[in-house]
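Undergrad: Next come the chains, spelled out residue by residue.
Protein chains: 2
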Amino acid sequence: MQVEVINTGTELLLGQVTNTHVGFFGERLLEIGLRISRQGTVPDGDDIKDMLAGAIERSRIILVTGGLGPTSDDLTREMTAEFLGLELVEDGGVMAKIASRFRASGNEMRPSNQRQAMVPEGAEVLDNNNGTAPGLYLSTGIGSSRVHIFLLPGPPRELYPIFEEQVLPRIKNVLESEGLGVPVARNYFFMGVGESELAGRVELVMDGIPGDFEIGYCLKAGGVIVRCICSERYVAGLDEAIRGIAPEDLVAEGASAIEDVVVRDLSAAGERVAIAESCTGGLIANRITNVPGASRVFDVGYITYANEAKRRLLGVSEAMINEMGVVSETVAKAMAEGCLESSGSDHAISVTGIAGPTGGSSKKPVGSVWIGLASSGVAARAFYYRFKTDRMHFKDRASTVAIDLLRRRLGGWL
Amino acid sequence: MQVEVINTGTELLLGQVTNTHVGFFGERLLEIGLRISRQGTVPDGDDIKDMLAGAIERSRIILVTGGLGPTSDDLTREMTAEFLGLELVEDGGVMAKIASRFRASGNEMRPSNQRQAMVPEGAEVLDNNNGTAPGLYLSTGIGSSRVHIFLLPGPPRELYPIFEEQVLPRIKNVLESEGLGVPVARNYFFMGVGESELAGRVELVMDGIPGDFEIGYCLKAGGVIVRCICSERYVAGLDEAIRGIAPEDLVAEGASAIEDVVVRDLSAAGERVAIAESCTGGLIANRITNVPGASRVFDVGYITYANEAKRRLLGVSEAMINEMGVVSETVAKAMAEGCLESSGSDHAISVTGIAGPTGGSSKKPVGSVWIGLASSGVAARAFYYRFKTDRMHFKDRASTVAIDLLRRRLGGWL
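Sequences listed follow chains A and B, in order. This note's numbering applies: residue 1 is where the first sequence begins, and numbers increase by one. This note's numbering applies: residue 1 is where the second sequence begins, and numbers increase by one.
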């Protein structure tokens with residue numbers, strides 16, 4: 001079943017706003033086995049009709065975003081109704097909801113807001129709990145088949161819940177009513193194993209279990225996502241097979257980020273981590289504290305950019321730095337040990353490296369990094385990596401690997 | 001002059017990769033007064049021809065991205081040649097370059113790599129210094145006018161330089177050869193003044209200077225970007241007028257981020273900043289250290305998430321925390337003072353607040369934050385904000401305001 005996406009909005013074409021709708025739809029649709037076959041962006045206005053005309057010929061499901069607001073350049077409702085030859089009629093329920101919103105806020109309702117209560121005749125209203133513009137669902141016969149058109153508000157915090165709660169269930173209904181079945185998609189995020197190595201091992205175990213699977217691989221955030229689509233009844237066997245491949249490398253199932261996993265694992269163990277960062281400059285702590293509830297597992301971080309700060313806060317002596325070099329196994333271990341001791345945490349991560357673009361040498365080129373890991377009662381260890389990339393990606397990769405080392409320690413693999 | 005963008009690539013439709021090409025093109029084209037009139041994404045394959053057919057009818061400049069690689073689903077070159085009725089011929093220069101790349105890397109060249117040397121007859125080759133697939137430029141007569149088609153590689157680090165260095169100059173040539181003139185776009189980023197207030201003041205000063213200006217406003221990163229497009233000869237007057245509006249609120253001209261500005265200003269003054277973060281969890285330090293050369297102005301950051309860490313590292317007493325509350329003016333000031341003293345820096349920023357989603361109370365709701373600022377020889381001050389948003393946006397907004405406070409201090413406005 002073909003799905004097509006039409007994004008309306010001049011701001012998307014001027015580069016003021018990045019189009020994240022397509023990625024969101026693409027991921028969520030793939031989970032029920034559907035793919036977007038085409039996507040287009042048009043400015044607010046007449047072009048919407050032109051793009052709808054093409055889409056209706058090619059596709060059975062059409063998702064239109066944007067242009068449902070109260071201003072004069074919000075024309076999606078009008079253009080769609082005009083194109084389909086439908087009258088716009090006032091919807092009493094929508095009108096009442098808009099009026100009550102305005103009453104509650106104390107603002108006066110303007111005629112432009114009343115336009116948002118106009119819906120094409122026969123359209124179903126999709127409630128919007130985060131804004132005034134409701135979504136609209138039109139199912140219309142084109143030739144011998146039905147085309148399903150969804151008009152959806154553009155702001156993500158309005159769009160995403162409407163899509164999850166009201167659009168996806170309707171699309172599933174369409175699939176089921178046509179006897180197509182709704183498959184399940186499973187994502188497995190691996191780190192520390194290369195894509196082709198992983199693919200070989202996945203294929204091997206898949207041969208041994210029953211079911212039809214569609215398998216895809218995608219590089220992401222320093223690891224590989226394995227995506228499997230199959231019918232519901234094969235999921236249990238699939239999970240078991242994939243989990244057995246490389247338990248220590250399987251970071252997460254589903255959409256969890258590695259920092260979510262580590263905060264969850266630390267919470268479960270009732271343990272805490274402290275962080276001593278040099279070249280990552282606070283990114284590791286920032287990622288850990290992005291997770292709600294991080295305060296249960298994280299007390300303190302040291303950003304010891306200068307050598308003097310490494311000495312004062314972590315007890316790394318000037319002599320050691322002079323002798324071994326600040327980017328060295330010895331210093332990374334000493335930073336982790338000093339961090340563990342001064343913080344009183346159960347685990348400590350340290351990072352020392354050269355983010356670039358300058359500061360490298362032939363012996364220690366830009367991108368070199370030592371990551372230290374210390375846990376109470378366990379001797380500190382340090383691991384060397386080299387990320388040949390720009391400063392921002394270097395920080396991202398180094399922080400991801402550092403968090404993954406802690407995950408491996410918590411899982412008993414390190 | 002109509003510009004249209006065609007993005008090819010199944011990964012864009014599956015949600016694996018976010019389309020950042022459109023935003024990049026949109027911004028850069030706007031600087032020479034052009035707008036993207038339509039954009040579309042198609043999977044690799046036949047659909048490219050269909051979309052080209054529509055684009056050629058509507059537009060004079062067509063930018064196609066992706067599908068120039070060596071694999072069998074990279075079909076943009078073939079599809080475009082087929083659509084335009086052109087033969088593919090081997091380009092000696094491209095072939096030699098690919099062969100020498102493979103010699104240098106020690107890998108063996110496969111037949112699939114030789115495909116990348118095939119170019120539609122009459123196409124101009126746009127050198128790619130960051131990958132094997134060159135861009136291609138075709139100028140073709142359609143009816144009485146010429147259509148300019150650019151085929152460009154998809155990876156941003158290959159695409160962006162080719163676009164800047166080889167595509168934009170050709171587009172400017174087209175504009176000039178048709179006597180259209182190339183306007184200049186200027187961006188001014190303001191913080192601390194609302195959009196409508198700013199717009200009123202901009203209009204007032206613009207009335208007093210000569211020239212035709214197209215002015216737009218865009219909310220971004222806690223501030224407002226004012227974008228003016230005008231002919232080259234009016235730029236000097238424009239700059240002077242805009243700079244006079246609110247010098248203390250004008251963060252940057254052009255594309256600089258606020259952290260770039262602060263690192264530049266600190267470097268120029270030969271001064272350093274230290275940072276004590278609680279609820280922002282390392283984000284401020286991370287942003288500062290994203291700027292190359294940050295080590296000249298930044299030695300140390302403290303992420304004092306727990307109260308005990310605030311006491312031990314910044315000297316904020318438990319009694320003060322108990323009496324005033326950890327999210328308070330007193331504690332923010334004490335954190336900044338403690339940070340200044342222990343680091344020996346010239347300036348210190350501190351942040352204490354409630355990022356949420358939990359931890360708020362009726363007196364101190366989620367989103368409350370006190371930001372402290374101390375400079376050597378100046379009494380510490382603290383500023384209250386409330387950001388009613390989610391955890392991630394809260395951290396972003398709070399860190400931006402904190403960096404802006406330092407900018408104002410360095411500029412002598414605070």
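It is possible that some hints are incorrect.
Stated by the list, open to error - In silico BS3-like links for lysine-lysine, alpha-carbon gap of 30 Å or less: (1) B:Lys-97 <-> A:Lys-97; (2) A:Lys-220 <-> A:Lys-364; (3) B:Lys-49 <-> A:Lys-49; (4) B:Lys-97 <-> B:Lys-49; (5) A:Lys-220 <-> B:Lys-220; (6) A:Lys-333 <-> A:Lys-363; (7) A:Lys-388 <-> B:Lys-97.
The set of hints was computed from the structure by calculation and includes no laboratory data. Keep in mind it's a predicted model, so treat the numbers as computed, not measured.
Undergrad: For each hint, tell me whether it holds in the structure or not.
TA: Hint check:
1. Among the hinted pairs, Lys-97 (chain B) with Lys-97 (chain A) is inconsistent with the structure: their alpha-carbon atoms are about 65 Å apart, more than 30 Å.
2. For the hint pairing Lys-220 (chain A) with Lys-364 (chain A), the CA-to-CA distance comes to about 27 Å; that is within 30 Å, so the pair holds.
3. Proposed proximity of Lys-49 (chain B) and Lys-49 (chain A) is supported: the alpha carbons are some 21 Å apart, at most 30 Å.
4. Under the criterion of a C-alpha separation no larger than 30 Å, the hint pairing Lys-97 (chain B) with Lys-49 (chain B) is consistent with the structure, at around 29 Å.
5. For a cut-off of 30 Å, the pair hint linking Lys-220 (chain A) to Lys-220 (chain B) stands: about 27 Å separates their Cα positions.
6. A hinted pair counts as satisfied when its Cα atoms are at most 30 Å apart, and Lys-333 (chain A) with Lys-363 (chain A) qualifies at roughly 20 Å.
7. Of the supplied pair hints, the one linking Lys-388 (chain A) and Lys-97 (chain B) holds, its CA atoms being roughly 23 Å apart against a limit of 30 Å.
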